Amino acid sequence: MIHFVLLISRQGKVRLTKWYSPYTQKERTKVIRELSGVILSRAPKLCNFVDWRGYKVVYKRYASLYFCMCIDQDDNELEVLEIIHHYVEILDRYFGSVCELDLIFNFHKAYYILDELLIAGELQESSKKTVARLIAAQDALVETAKEEASSLSNIIAQATK
Amino acid sequence: MAGSSIMDNLFQRTLEDLIKGFRLQLVGESALISKAVEEIRREIKSTDLDIKSIALQKLSYLSAIYGIDMSWAAFHVVEVMSSSRFAHKKIGYRAASQSFHEGTSVLLLITNQLRKDLSSPNEFEVSLALECLSRIVTIDLARDLTPDVFTLLSSSKVFVRKKAIGVILRVFEKYPDAVRVCFKRLVENLENSDSQIATAAVGVFCELSSKDPRSYLPLAPEFYRILIDSRNNWVLIKTLKIFAKLAPLEPRLGKRIVEPVCELMKKTGAKSLMFECVRTVVTCLSNHESAVKVAISKIGELLVDPDPNLRFLGLHALSDVAPTHLWAVLENQEVVIKSLSDEDPNIKLESLCLVMAMVSESNVADISKVLVNYALKSDPEFCNEILGSILTTCSRNVYEIIIDFDWYVSLLGEMSRIPNCQKGEEIEAQLIDIGMRVKDARLQLVQVGRDLVIDPALLGNVHLHRILCAAAWVVGEYVEVASNPFELMDALLQPRTNLLPPSVRAVYIHSSFKILVFCLDCCLMQNQEHVSSLDSSNLAVGYSGLVAGKKHTETRDFASCEGPTHDAQNEGFSPQNSMDSSEQLAVQNNAVRIVTQDQTSIATSLEKNNFTLESIVGLLNLIELVLSPLAANPDVEILERARNVLSFVQLIKAEISDNSNQNVDILDKKDAQVSAIVKLMCDAFSDELGPVSLNAQGRVAVPDGLVLNENLDDLNAICGDIELPSSSSFSIGGPHFGTTSDASPFNLPKKEETEPLNESASLLEHRKRHGLYYLPSEKNEITYDDYPPPNDPQKKTNLNDESEDLSKLAGQSLSLKKRPNQTKPRPVVVKLDDGDVVPISVKKPEPRDDSLSGAVRDVLLGSEAKPSSSQSNPSDKSSGTDKKNLSSYHPSEIKENVIGAEMPDQANPNRKSKHHGRHKERRRSPRKTIEGGEHDQRENKKSSHRHNRHKARQGSSSPLNVAPQTPVIPDFLL
Numbered sequence: 001m002i003h004f005v006l007l008i009s010r011q012g013k014v015r016l017t018k019w020y021s022p023y024t025q026k027e028r029t030k031v032i033r034e035l036s037g038v039i040l041s042r043a044p045k046l047c048n049f050v051d052w053r054g055y056k057v058v059y060k061r062y063a064s065l066y067f068c069m070c071i072d073q074d075d076n077e078l079e080v081l082e083i084i085h086h087y088v089e090i091l092d093r094y095f096g097s098v099c100e101l102d103l104i105f106n107f108h109k110a111y112y113i114l115d116e117l118l119i120a121g122e123l124q125e126s127s128k129k130t131v132a133r134l135i136a137a138q139d140a141l142v143e144t145a146k147e148e149a150s151s152l153s154n155i156i157a158q159a160t161k
Numbered sequence: 001m002a003g004s005s006i007m008d009n010l011f012q013r014t015l016e017d018l019i020k021g022f023r024l025q026l027v028g029e030s031a032l033i034s035k036a037v038e039e040i041r042r043e044i045k046s047t048d049l050d051i052k053s054i055a056l057q058k059l060s061y062l063s064a065i066y067g068i069d070m071s072w073a074a075f076h077v078v079e080v081m082s083s084s085r086f087a088h089k090k091i092g093y094r095a096a097s098q099s100f101h102e103g104t105s106v107l108l109l110i111t112n113q114l115r116k117d118l119s120s121p122n123e124f125e126v127s128l129a130l131e132c133l134s135r136i137v138t139i140d141l142a143r144d145l146t147p148d149v150f151t152l153l154s155s156s157k158v159f160v161r162k163k164a165i166g167v168i169l170r171v172f173e174k175y176p177d178a179v180r181v182c183f184k185r186l187v188e189n190l191e192n193s194d195s196q197i198a199t200a201a202v203g204v205f206c207e208l209s210s211k212d213p214r215s216y217l218p219l220a221p222e223f224y225r226i227l228i229d230s231r232n233n234w235v236l237i238k239t240l241k242i243f244a245k246l247a248p249l250e251p252r253l254g255k256r257i258v259e260p261v262c263e264l265m266k267k268t269g270a271k272s273l274m275f276e277c278v279r280t281v282v283t284c285l286s287n288h289e290s291a292v293k294v295a296i297s298k299i300g301e302l303l304v305d306p307d308p309n310l311r312f313l314g315l316h317a318l319s320d321v322a323p324t325h326l327w328a329v330l331e332n333q334e335v336v337i338k339s340l341s342d343e344d345p346n347i348k349l350e351s352l353c354l355v356m357a358m359v360s361e362s363n364v365a366d367i368s369k370v371l372v373n374y375a376l377k378s379d380p381e382f383c384n385e386i387l388g389s390i391l392t393t394c395s396r397n398v399y400e401i402i403i404d405f406d407w408y409v410s411l412l413g414e415m416s417r418i419p420n421c422q423k424g425e426e427i428e429a430q431l432i433d434i435g436m437r438v439k440d441a442r443l444q445l446v447q448v449g450r451d452l453v454i455d456p457a458l459l460g461n462v463h464l465h466r467i468l469c470a471a472a473w474v475v476g477e478y479v480e481v482a483s484n485p486f487e488l489m490d491a492l493l494q495p496r497t498n499l500l501p502p503s504v505r506a507v508y509i510h511s512s513f514k515i516l517v518f519c520l521d522c523c524l525m526q527n528q529e530h531v532s533s534l535d536s537s538n539l540a541v542g543y544s545g546l547v548a549g550k551k552h553t554e555t556r557d558f559a560s561c562e563g564p565t566h567d568a569q570n571e572g573f574s575p576q577n578s579m580d581s582s583e584q585l586a587v588q589n590n591a592v593r594i595v596t597q598d599q600t601s602i603a604t605s606l607e608k609n610n611f612t613l614e615s616i617v618g619l620l621n622l623i624e625l626v627l628s629p630l631a632a633n634p635d636v637e638i639l640e641r642a643r644n645v646l647s648f649v650q651l652i653k654a655e656i657s658d659n660s661n662q663n664v665d666i667l668d669k670k671d672a673q674v675s676a677i678v679k680l681m682c683d684a685f686s687d688e689l690g691p692v693s694l695n696a697q698g699r700v701a702v703p704d705g706l707v708l709n710e711n712l713d714d715l716n717a718i719c720g721d722i723e724l725p726s727s728s729s730f731s732i733g734g735p736h737f738g739t740t741s742d743a744s745p746f747n748l749p750k751k752e753e754t755e756p757l758n759e760s761a762s763l764l765e766h767r768k769r770h771g772l773y774y775l776p777s778e779k780n781e782i783t784y785d786d787y788p789p790p791n792d793p794q795k796k797t798n799l800n801d802e803s804e805d806l807s808k809l810a811g812q813s814l815s816l817k818k819r820p821n822q823t824k825p826r827p828v829v830v831k832l833d834d835g836d837v838v839p840i841s842v843k844k845p846e847p848r849d850d851s852l853s854g855a856v857r858d859v860l861l862g863s864e865a866k867p868s869s870s871q872s873n874p875s876d877k878s879s880g881t882d883k884k885n886l887s888s889y890h891p892s893e894i895k896e897n898v899i900g901a902e903m904p905d906q907a908n909p910n911r912k913s914k915h916h917g918r919h920k921e922r923r924r925s926p927r928k929t930i931e932g933g934e935h936d937q938r939e940n941k942k943s944s945h946r947h948n949r950h951k952a953r954q955g956s957s958s959p960l961n962v963a964p965q966t967p968v969i970p971d972f973l974l
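Chains A and B are the protein sequences, given in the same order. For the first sequence, full-length UniProt numbering gives the first residue as 1, with consecutive numbering after it. For the second sequence, full-length UniProt numbering gives the first residue as 1, with consecutive numbering after it.
These aren't lab readings, by the way, just hints derived from the structure by calculation. One thing to keep in mind: the hints can contain errors.
Said to hold, decoys possible - Now the in silico label distances, taken between C-beta atoms and shown as ranges:
1) 133/A to 255/B: 40 to 50 Å
2) 55/A to 624/B: 51 to 61 Å
3) 32/B to 40/A: 20 to 30 Å
It should be emphasised that the depicted structure is a prediction, and the values quoted were computed from it without experimental measurement. Glycine included, each C-beta is placed from N, C-alpha and C at the ideal position.
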């Protein structure tokens, strides 16, 4: 299973973290620091796997972002690379040629997309189209709620409560 | 209140504003964070859920990216979670799954909220709750929400159902009893036609079976079907993983799946699936030759792929297969060896492992030589990897593959001199270990130790200190085979030894003590011989004859000669009879002496008259000079050992000085006294040290009344920070000698203050007396720290040369041909009968008989289900699925199955036996009769008790937790 997902920029800035196994805040910070040290220092064109504390970390760089996933020793590295690629493709489709800035400003959306892709550290949806549809539906749900909330009448209603 | 709410609402910074703020502010990030948190703390208290949720969103952003603590907001999270609006809920659930953990107290409050959302008509709300549950599930939550998740397992919405399946894994982990309720439905989902659902279910089983595969053997037919039918690579990979776990448990399963796995491997275009097939074959189907052949040809393709990932995985797979099929490695050796110079450190490491796997008795010397040369040129990290793997490989199973220990000992010496070597501790351990185990290697060992100890340049390298420690111990312990003890003494007492850590220095001092005793002993012996040869010339003739005869004897003789000597000496060691037996000892020692002189006579430096009184006095003076400053050393080890030596020196000196003028009268009374003392010390050191069994401690009976703590976990709390003193390994320096310690008066502490001055003054004096320095090789001594590195790699040939060299090696020595004749027979290596080394055992996962697997077994193997589960397992359901899956279904089965429906999963044993015509009989008591019927050889007596089905089942399932029961598993796939 996947223990956590990290998105780290080339400068070592964290862009997204998702933990499927229990880690305390302290451990999380330590993990991020350790791994970004290991991964960012690796030259390009090396293999995408790093042994780390008895686990394997599979990472892949897309433009300025490193997508890292930590898996068990006997998990399939290539499969995880495919999951990463899958995620990137979905992001790309959702944001329309995704760039790092998209993920910075829509950090929560990147989360929701990841949540549709993985659950409990397992791949749950292998169809890009389905994920896109699900995310769109939820967006719509949020938007209608927001419109409702921010409508003038609503504000007035609240103010005069 | 209302006013402020509006203001907040209008002017609250959104998450986007916050992020923009961070983008603009390049410095002072932490100030910005604390400001933002301040703001959030204010906003989150708002009664307006909009404001609250945005504040929470910002907080979870800060927490995720900057690691800000958000546990204080737990209650607000719960509030936002329970909002009726989806937008709020979403933020709340995300914050919860990010920040809640087992210890969060508000978890108790959310059970009802979760339950409500799990049964919400809005599938997205259900999905939020499920996702959150998968992250934060605790025992309580799992127990309380199992029924809800159970319902969702058969939800009509695929979207919800697949998530529920994913979550059930976490529920099982926390609350194994949930298995009784949900397991059957989970299995049903495995058979679902929707690929998403099947994927999720297979994923769950993959995880479950990795922990306790045996419990899932009964499901093998189901997995087999998926393996054959599925076209989905994600599913196939997971299924292969499951089989990789199951196949080792059931040989027939391997036979069955080998065919489809090979097919997949050949046909598939997906590298990930192909690699998974390869891995499955090499890890668990390695006894199927044909499959292995196919897999290895695939590995060969991977190895030459331009993609470093595939190369890495290829090497990895190759090292998996190496233990069973070494030929595969040899076949690909050129690629493997070429990979040693790959730019990727991970690939280099893998290929190093493989090269080491190829090492055998015949080629160990060649490979090691090339690798050590290669290590010289590689970066420090890889250099140490190489050295480490050479050390581990060569020392495996008590130096199994080493024939020529002289070579190996020299190799160790050579390795120590590699500039980047950081394997000090391992080399140290091996030097000492070989000394103790292999008598024949001692000559070479002392030679290597001498070279190490004598080189002043090495003392400055921190990583070498452990090696020097071993070297010093070796030259002291086996000084009798040394060519020149005086030279050793100089080396051990050289001034740069003050660079050593105290523990090592103590070993140096103690070794010099041993050497001193040896020299004195030799001197006395010589004089005795001298006198006696004057008396009776025929003895001298005999003696020289002996020497001549022994001159070229094998080292083995030495060993055998030494054995009895020690016995005699041991007897004589007890104080009361040491004087009585001194004569006998003299004879014995004479024997030793003769032999040792024979040993060393090759070296020209040791002449008989070397041990003159003058040289001894010189030695004593030297020791006194060097060690007297140490008699007030703050380190207790150094202090004690230095004082021991010093008082011994003083004792001897006092004795000698009386008759120093009358050389001729050497057999004076006084001298007899000296010789008695020396003899005593000699005896003290003569006891040979041997390897200590790992189980030695176990042989010591625990004294009555001593309560040993089984669990030493609390020790960590006590000595978490305390580092183990590295010196502890060296307490074996020699048997204790109490004879001299009391002779020295305790020195005054005030000396401590003047010590540095004292030391340097004495050193200056020393220098004056002994010429420039003790050791001719030294040049500029004064600056200690900027020593030239001990061994600079002279020429930096490029890596291409090296890889050529390596591939040459491949051509020559890696092939398994044996050398025509070994020049030397392998010397005796002392091995202890029991527990000498940790036996290299195959790692076997402990059968996890925890409650989860127990529960699964209960369900799968049909033990009596708990009342609760039978209530919630609608019986018609079970028969329904059975019908779907059984190709040939007999009416009688349905009937029987309905009867037996309270046993959750009888479906599996039924299914697997569908090709046989014994349904009726089997239905009665499904598991037992299958066994009895299909495998007569495994007669199970219980099967006859059909009338008492439950009891029999219980009886057989209760010991399941203790011993895994293979007989229960019928031939699934036949």
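Each hint, compared with the structure:
no.: 1; hint: 133/A to 255/B: 40 to 50 Å; in the structure: 44 Å, holds
no.: 2; hint: 55/A to 624/B: 51 to 61 Å; in the structure: 59 Å, holds
no.: 3; hint: 32/B to 40/A: 20 to 30 Å; in the structure: 24 Å, holds
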